[in-house]
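Trainee: Using the sequences plus the hints, can you model the full thing?
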Amino acid sequence: IHAEAYPAGELKHGPLALVDADMPVVTVAPNNELLEKLKSNLQEVRARGGELIVFADREAGFDNGEGIFVVNMPHIHDVLAPILYTLPLQLLSYYVAVLRGTDVDQPRNLAKSVTVE
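Going by my numbering, the first residue of the sequence shown is number 109, and it counts up by one from there.
For the record, the hints were derived by calculation from the structure and aren't laboratory data. Every residue, glycine too, gets a C-beta built ideally from N, C-alpha and C. Fair warning: there could be bad hints in the mix.
Claimed, not checked - Label pairs and their computed distance ranges (CB to CB): (1) Pro115 / Ala155: 29 to 37 Å; (2) Glu141 / Gly209: 40 to 48 Å; (3) Glu225 / Glu152: 45 to 53 Å; (4) Lys120 / Glu141: 36 to 44 Å; (5) Gly173 / Asp211: 31 to 39 Å; (6) Ala113 / Arg216: 16 to 24 Å; (7) Val206 / Glu144: 17 to 25 Å; (8) Gly117 / Gln214: 33 to 41 Å; (9) Asn217 / Gly117: 30 to 38 Å; (10) Arg166 / Ala219: 35 to 43 Å.
Mentor: Laid out in structure tokens, this is it:
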């Protein structure tokens with residue numbers, strides 16, 4: 109999985125050019141003041157054939173359908189939402205790594221310590 113985090117408002121400044129039918133787009137969509145802007149951006153992704161995996165508040169108005177898979181998240185206060193939404197993304201990363209045969213306990217090119225000079 110090629111993974112980069114982008115604020116929804118910056119999607120049109122480059123990342124949208126990467127989207128095609130072979131590029132799944134995973135997005136976090138809590139029900140807050142930016143939701144409508146995010147929905148507009150996700151329509152742009154779908155227009156380019158991108159497959160969406162949306163982690164969304166149950167009240168955000170997303171439905172499963174062609175090209176979109178919705179993971180319903182419980183409603184939570186905006187301050188705590190980043191913590192709650194991070195957990196399934198970490199699990200997604202873990203299980204994709206396991207499916208690819210990556211040694212998740214001994215990642216390559218990772219040092220356990222850093223020497224500061």
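Trainee: Among all the numbered hints in the text so far, which are the ones the structure does not match?
Mentor: Failing hints, ascending: 1, 4, 7.
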